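**Q** Sequence:
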Amino acid sequence: MDTLSYKTISANKSTVDKQWLLVDAEGQTLGRLASKVAKLLRGKHKPNFTPHVDCGDNIIVINAEKINLSGNKWEDKEYLRYTGYPGGQRSTSAKELLSKQPERIIEKSVKGMLPKNKLGADLFRNLKVYAGAEHGQEAQKPKAINLNDYK
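Going by this note's numbering, the sequence shown opens with residue 1, and the numbers climb by one from there.
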């Protein structure tokens, strides 16, 4: 029998090739940036993607304070949180959150695009977001990528 035989390769923790990638958020639209970063965190851009394994890369996002939102979302978009007490629901507009904690806008957006389970929590730990251009991961030698080149 002269046929080609392929074996399905399933990645695991020891066979995964993780890299450090640097993403500049300056001038990027929030949702488009978040969906691309979530895809990179999950590892869906790699040929050996395995759904139940953390095979994505470590992502560093800089310039979070220079993110864009379209339309009236700076005033209209609300972020809700709950203190745990009765009547303790608090809301914050996107503009207020940007002035206080600009990293949180990108973190919340990306976290909502990851799986809602233990794997999603592990993937979220691979994301580092910084408000300015300085970051603390120079020792990892991250490779700067242009998100406009990714689909």
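Hint data in this document are derived by calculation from the structure and do not stem from the laboratory.
Hints may be right or wrong, so weigh each one.
Each computed DMTMM-like pair below joins lysine to aspartate or glutamate, with the alpha-carbon atoms no more than 20 Å apart [to be verified]:
1) 77 with 96
2) 108 with 149
3) 100 with 17
4) 18 with 54
5) 108 with 65
6) 100 with 26
7) 95 with 149
8) 39 with 149
9) 100 with 78
10) 46 with 122
Across the chosen pairs, the derived CB separations fall in these ranges [to be verified]:
11) 73 with 116: 22 to 30 Å
12) 79 with 15: 16 to 24 Å
13) 134 with 104: 26 to 34 Å
Bear in mind that the values here come from a model prediction, so they are computed numbers and not experimental data.
Cβ coordinates follow ideal geometry from the N, Cα and C atoms, glycine included.
**Q** Which numbered hints turn out to be false for this structure?
**A** 2, 3, 7, 12 and 13
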